[in-house]
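J.: The primary structure of each chain is shown beneath.
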Amino acid sequence: MRRVYLDYAATTPVRREVFEAMVPYLTEKFGNPSSVHWFGREIRKDVDEARERVAEALNASPQEIYFTSGGTESDNMAILGTAAALRNKGRHVITSAVEHHAALDACLSLEKQGYRVTVLPVDKYGMVDPADLEAAIAEDTILVSIMHANNEVGTIQPIKELAAIARKHGVLFHTDAVQTIGAIPVDVRELGVDLLSLSGHKIYGPKGIGALYVRKGVRLSNIAFGGAQERKLRPGTENVAGIMGLATAVELAVAEQQETYEKLVVLRDKLIDGLTAVPDVKLNGHPQQRLPGNVNVSVERVEGESLILSLDMAGIAVSSGSACTSGSLEPSHVLMAMGLDHQSAHGSLRLTLGKGTSAEDIDHVLSVFPGVVQRLRDMSPLRKSGEE
Amino acid sequence: MYSEKVMDHFQNPRNVGEIADADGVGEVGNLRCGDIMRISIKVKDNVIEDIKFRTFGCGAAIATSSMITELVKGKTLEEAEEISNRHVAEALGGLPPVKMHCSNLAADALKAAIADYKKRTQQHGG
Ligand SMILES: Cc1ncc(COP(=O)(O)O)c(C=O)c1O
Ligand code: FES
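Top line first, the protein sequences correspond to chains U and G.
Heads up: the first sequence begins at 1 in our numbering, then just goes up one per residue.
Heads up: the second sequence begins at 1 in our numbering, then just goes up one per residue.
Just chain G, same shape as in the assembly:
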C-alpha cells in the first residue's frame, strides 16, 4: 500500500533524534489516531541548520517526518513555513488516502518548532 519511497524513509529514516541545545521544539499529537511527533531545530542566520525528529506513529507518519526533515534542512524559516503536508506527500511519491492525515502531523510539528523558535528569540531580543 505504500510507495517504495515511503518504505525507504520508514526503513532508513533520516535525522532521527533530538537536538540537545535546540533553538525550537515542536510537539504535536494527531487527533485522529493518537500519534505523536516531536521536531527540534537548530537555526542560524534564519536558516534551519539542523533538524531532528521523533515519531510515535504509523509507517506514513514516520516516513513523512523523515521526509520533512530532508526537505527543510538548509532552508530559510520562510521557505520552511511554506512547506505543506501535500508537498511532503508528493515528495514521497504519494500516500494512500487514509494516510493523508499523517502528513499533517509532520507539517504541524515543523510549524510548531518554528513558532517556538520565534517565541524564544522574541523573548531574548525583546
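In isolation and in its complexed conformation, chain U is listed as follows:
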C-alpha cells in the first residue's frame, strides 16, 4: 500500500545532513562545553559556531540566540521571562486567540499572578486586525505575543505591521516562528520583532531542540534555575548534538526557503482544489496569506477522527481539529476563534506538505478522499437539507 505522510506541521524527519552533523557529538565529541579541559573547550567552540550560524540565518547576532529544548520552552521563556523582568513596569500582556497552546497558555498563566491578559480576536480567516492591537495597548502593556503563522490553518499574520505598532508604544513584541522558518522569509530585523521562537523538529532537525532570539537590550528573567549555560537564561548542560543539528537544519531551511515555497505551493493548491471539489468541503484559513505547506478543510456532516482513521487505513497520515481527537474533547480553539460552528470544527482535516511530498501523493489522496467522505456521510445521521 502506498504510504503518504501529510502531517509535516506535526513533525518532520531528520534530514541526512542534519543527522551527519549530529553523529560526532553523540559519539567521540562527547565533552561538556562547560568543562575547562580541552575536551570541553573544543565543544564550546563548536556550540558557539552553531550559534553564529543560526544567528546569521535569521539576520541576528550570535549574542541574541539562546538554545532551548524546543518551541514550547522558547515561547514560555519569552513570555514568562519578559513578564517577570518587567513586572514593575506593567502587568498587561496581549496575545491572540489562535496562538499555539505553548504561547496562549503561558500568557493565561500570568492571570494567576495578577497580570491582565488581552486575547485579540481573529477574522474568519484567522487573521489578527492591527487596529485591534493598537486599541488594546494600554499604559501598562509590557508584551505582545502573536505567532508568525498558524500551525493549524496556516494563516500568516501581518507581523511586520503588528510589531511596528508595539514598538511605537514602547511595548516588546514576541512571535512564534516555529511554522515559518524555511517556509516563508524570517528575518528578525526586517520583521522588527524583539523575541522570536523556533523549533528543530519542524524543519528537518531533531526533536527537543529549539532557539529563542532575544534582541540585544531586551531584558529577560530566567524561568529555570541552575548553571550558567546560555548566559543563565536557560541553565542545564547543552544538548550539544541537538544544537549542532539545529544549526544545520536552520541554515539549510533558510537557504532553500524560496525553492521549498515554490514547490509546495503548487502541490498545496492542487490538493486544495481537489478536496474542495467534493461537495460541502470548505477551505479553512486564508486563501492567500497562507503557509505553502498547509491545507485545512472542513468536511460537513463528517467527524474528523473517523476521517483520519479512514484515511489512515488507506495509508494516509493527516490530523484534525475535531473534539474527538483533542483529549480535552473540545474542538480546536483556532477554528472556534475563526467563528466556525462546532460541527465544521468537528469535521476539520489538516494536511500539511513537506519535502517528501510528491504530485503522486496528492493524486493518491485525491483518489481516496471522495470515497472515504461518501462512506462516512452515508453513515452520518446528519443530512443536507433536502436530502433523504
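Keep in mind that the hints were calculated from the coordinates and are not lab data.
Among the hints, erroneous ones may be present.
Restraint ranges, calculated between C-beta atoms of paired labels, are given here [what the hints assert, rightly or not]:
| id | chain 1 | residue 1 | chain 2 | residue 2 | range |
| --- | --- | --- | --- | --- | --- |
| 1 | U | Glu-262 | G | Ser-84 | 24 to 34 Å |
| 2 | G | Asp-45 | U | Leu-366 | 43 to 53 Å |
| 3 | G | Lys-5 | U | Arg-3 | 20 to 30 Å |
| 4 | U | Lys-207 | G | Lys-119 | 52 to 62 Å |
All values derive from a computational prediction rather than experimental measurement.
The C-beta atom is built at its ideal place from N, Cα and C for all residues, glycine as well.
Based on these hints, arrange chain G with the ligands on the given structure of chain U.
T.: Frame of chain U, contents of chain G with the ligands only:
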C-alpha cells in the same frame, strides 16, 4: 490506540442505515464532544427483529454503534435494556479511557429507541 475489534467494526460497520417503517427511533447527542447517533428498531413479539444506526462521531462511536446493533438483534426488549455501555466496550475488546464516554452514546440511543417504541405502543394500545 484502538483494538482490532474496534477497527473491524469501524471499517465494516454492521447494520448501518435507517429502518423505513421503524417501530421506535432514538436519537441522542453526546454532550461532551458534540457527536450524534440515531438508532431505529423494528420490534415483533417483544423481540428486536431489526436494528439500524447512523452515527456522526469518532471511530469509537461508530464501532460501539455497530457493536450494539449486533448485541441486541434478536434479543427481547428487556434483555436489550440490560445492555450497558460497559458491555459494549467489553465486547469490543476494550476502549481507551478517553473514549469510554463514546460508548454511552450507543447505549443511550438504544434506550431512547426502546422508550420511543414503548410510547408508541402505549398510545396505540391505550
Ligand atoms: C506554532 C507552534 N509553536 C510551538 C510548537 C511547539 O514546539 P515544540 O514541539 O518544539 O515544543 C509547535 C509544535 O507543535 C507549533 O506548531
Ligand atoms: S464520539 Fe467524540 S470522542 Fe467519541
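J.: So the hint says 43 to 53 Å: do the beta-carbon atoms of G/Asp-45 and U/Leu-366 match that?
T.: 51 Å, holds
J.: Against the range 52 to 62 Å, how does the distance between the Cβ atoms of U/Lys-207 and G/Lys-119 compare: consistent or not?
T.: 57 Å, holds
J.: Do the beta carbons of G/Lys-5 and U/Arg-3 sit within 20 to 30 Å of each other?
T.: Holds - the Cβ-Cβ distance for G/Lys-5 and U/Arg-3, about 24 Å, lies within 20 to 30 Å.
J.: Per the hint of 24 to 34 Å, is the separation of the Cβ atoms of U/Glu-262 and G/Ser-84 within bounds?
T.: 57 Å, violated
Hint 1 from the earlier list is the only one contradicted by this structure; the remaining hints agree with it.
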